[in-house]
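*Asks:* Chains as they are written, first to last, in the working numbering: chain A, -11 to 319; chain B, 13 to 302.
Covered by chain B, according to a simulated footprint, are these stretches of chain A (three or more residues, beta-carbon under 8 Å):
#, stretch
1, 75 to 81
2, 89 to 99
3, 102 to 108
Chain A residues, not near chain B, derived (Cβ > 10 Å throughout):
#, residue
4, 62
5, 189
6, 202
7, 285
I should point out that these hints are in silico values taken from the structure, not numbers from a laboratory.
The C-beta atom is built at its ideal place from N, Cα and C for all residues, glycine as well.
Given next are the chains, with one letter for each unit.
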Amino acid sequence: MNEPVLLSVEDASVELPTPRGNLRAVDHVDLAVGAGRTLGVVGESGCGKTMLSRAILQLLPKKAKLSGRVMFDGQDLARLDPERLRKLRGRSLAVVFQDPMTSLNPVLTIGTQLIETLQEHLELDSLAAKKRSAELLAAVGIPAPEQRLTQYPHQLSGGMRQRVAIAIALSCEPKLLIADEPTTALDVTIQAQILDLLAREQRRRHMAMILITHDLGVVAGRTDEVAVMYAGRVVERAPTPELFKRMRMPYTEALLAAIPKIDAAPHTPLPAISGRPPDPTRPLQGCSFSPRCRYAAGRCFQEKPPLAAAESPGHQYACFHPIGIMAGAGT
Amino acid sequence: MATLELRIDEDVATSPVARTRRLGLLFWMAVGWMIFVFVAAALANVLPLPSPTDMDMLERRGPASMAHWLGTDGLGRDELARLIYGARISLTVGLCGPVIGLTIGGALGMLAGYFRGRFESVVVGSMDVLLAFPPLILALAVTAYLGQSVLNLTCILGVLGIPAFMRVARAATLTLARREFVIAAQALGATHARILLRELLPNVLLPLLAFFLLGVAVTIVVEGALSFLGLGVPPPISSWGSMIGEGRESLEVAPQLAFIPAIALFLTVLSFNLVGDTLQALTNPRQSAL
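So that you can see chain B by itself, here it is in the shape it has in the complex (with noise of 0.2 Å):
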């Protein structure tokens, strides 16, 4: 019986696992879009593009030609080089709004999770304090403060991401932190450090990290949404939003202006949505699963 347990084994052991899932054309899609997006908004600078910043004002509002792939803005700026730029500061404050909540937020959360007590009962506490600010007069307040400035902005919207990301992280330690492996690693001597870097970090990244890429959505709809109301990135710099924003006053002349920086808009926080989703749906029955 043993030896015919061993033989199965063997096979079981050589024989190469299935790791590919399907995806789904529409998952490729979206990975495919973010890739050029980025592609496009890193090479801006080497790529033959005409300045962001060059007005003309002979050729306002013109219609797509051969030196403007895309026309050009209502102080004659050429659309399609002020959308690549608009992607810089759209997807580093997307990017990087959602990185310090993910940071911050999840090594709060797993903190609170794991040693529960008091450090939680503030943690919870004071997230809740931040939950309750209404967003958009905290933006507010703090670039008329501190001034505009895609680093402000970024942080703003960094911080505001901190109590969602605190919250996952938290969710999932507390269910972890229950599981037998965690005391088998302490039984086995491991240390908090050690337990929560290595045991349950591995574990908790997986949501947070499907979590952020919705979150990255979230904020390049929110930046998009201050720079419209002229809160976001000073001008000249082009952020999406800024673009819709200059784009609504010639609506009904040049609907483009708006309507192209919306499309990428919408594009690209649909693709990080599906992409964010897709990936959720594969963790979360796998987490159950084992």
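Okay, chain A solo, but in the shape it has when bound (with noise of 0.2 Å):
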């Protein structure tokens, strides 16, 4: 991490408030990606990675509170005025959405969001925009440009949809995209390519991207960093080569090992978390896992864990009974 801090989130907490209680969403999390770095955030479903996404750029729901800072290029987004605030988002903010069937609008036609988008941030006159909009669905692998901008979204395929809404995040050369599942909507065969187009364009603009997924092999090989969430905590932080051969947090390795793999044996049974994830407006008073964990004992049902350092620089993770090191005392 040698590269310029450019986002960090720093205690970050999103309550929501719901009929049963206040839902703690997002838990005391503390992030940072530098300037041209990727991180992956890796969670299973309701474990806050959204909310997180959506309390970084500051589109949380209108009820819903954010406490904690999350400064960017040196600025508190969290206390940042509306109108600064706007201009950054798109400008240097941009976010990739789960579902490009409706992360477009349906009633206008491609080339149309993509010029006004150009329009609004670059001041750009429209002749400019749709030349530059022509380039940009060029760059990210859509043949015939200039016949597509005319095009509405329902006339193109799904892979299609999610490589315009990519143009048109990247259309304002944001510093910083975030990805919310950017693949999780599409096809197998697509999801490669999406991926590859999305590592691609950000070395080529050095812009820092933040990748949520649930699926650690998304991140696998296209992110510098890993930062594992369970119930709204960051369970297990480390650069992502460490985090595959020293993972630490038992959930991490559950997660890892409900990946089905193409070389076992046939009617190998996969090995799934057993148990369902806390329910979010009654927090457990032990470590949030400890119910569905096969490692856990006394202490884990009575304190959290904090997120402490492990002994190789970068890798944090919270729990007591970490996977190698109680390994490697019983030896």
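Could you fit the two chains together into a complex? Lean on the hints.
*Replies:* Structure representation (structure tokens):
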């Protein structure tokens, strides 16, 4: 991490009021992304990944309460006035959403959506904006871009739409791109293409990226650092190679074990994580993973393990019985 | 694999997109009738018609003749001329009234659906009050107070249409504002005005316009009803409703005086309803498919 830090989320919590009490969707999360680096955020559905991305963009639902700081380029986004925040969005911060079926306006042409974004932020005249839109579509691998500009989203396939969404997000050369499950709604064969496209554009533009996904396989080859989230908390954080070599948190191990292996013998049962994530409106006293953890013992049910530094640099985990260490202590 | 995909896409991109939809003969007949009525009403001054107010007391309730194609009414006025000039009033009121409702109701509904909160409660509450008011009584009170004129009539019918348009706009905005493309626009730094005008309005406009055509049909009928009751446009101006009202007096002697404007009214309202329904059917599945 020799790059300067572009975004740092410090002690951020998001609380959503629900009829059953306050729901803590994000629970004291600390994260940092350097300029031009990629951070993977991994976790199962409902663990607070999307709320975290919305918190960074300050696009939380109106009733949600955000505490902590979101420092971007030296400014605290949570305390920025709306007008400056609006200028920053799109220009420096951009986002690609999960479902390209709904993230594009169905009644406007691709061209209108791209050109207006360009005109809004870069103050280009319409001819220059149109030319640049076609370039952008070509850059994200869309053939015959001039013709595509006149088409509506429903005339494009899912993969094409996601490419358009990426083109719109990239249009103003953002410094940070948040990709919120960009491939979840897509065909498996398209997933790799979209991820490669994101990686290529990221390198070319020296842009930082937060890749949010529930698939450890997606982050494996494409991120510099990975944060694993569970029940709103970051439970393990490490540089990507380090995480896959020496994972400490039993949850990370369970996630990895739940990925189907292509070389496994037929009819091998797929190890699933038993149980369900804890009810976020009723926080557990101990470690939130303890009810589902096969290593959990006495202390795990009493206290929350803090996110502590591991022996290798940049590696943090929140567990009383980390995997490798316990085995090592036994011998 | 990548090259294969590129080729397929190039084919799709170059092939012309089928835009024509089957709308049916009835739809086109309705559109034809609407165009016919519009053109006749617009060109009423140019057409070689006798004056709609000139009375010919010697030829009262005359049958169809070369001079009077549809005969004359109880005061010897040319029925065809009155029908065409009446179409002007009926269409003016029928179109301008819903335009008022569409603009004000649509704007209020979109703002209420987008911003929610207290503003929405105030808007919905006041619309409920307006809806609870008996419309005919309101029209009666206003015309009694402000006098009978085309403008007053249009304004009343417009105001009465606001709640319905507000509800349609708000319902559409409520579902659309949750869609990801609105959040995506926010994430791109769009202002509220931009989101409302560029992202939401084109989406809300489709159901609103379909509803507008139905509103036109209803308003023409209500205008006819008010004129029939003598609350519409002041005489000697003719409107379809007042013509039916005047024809009522001689229903036994000359039933055509009431039936001719009634048929015109019926066909026009039916046309607006048919076109409105067809457009609504076209916009609805499209919205859910996207």
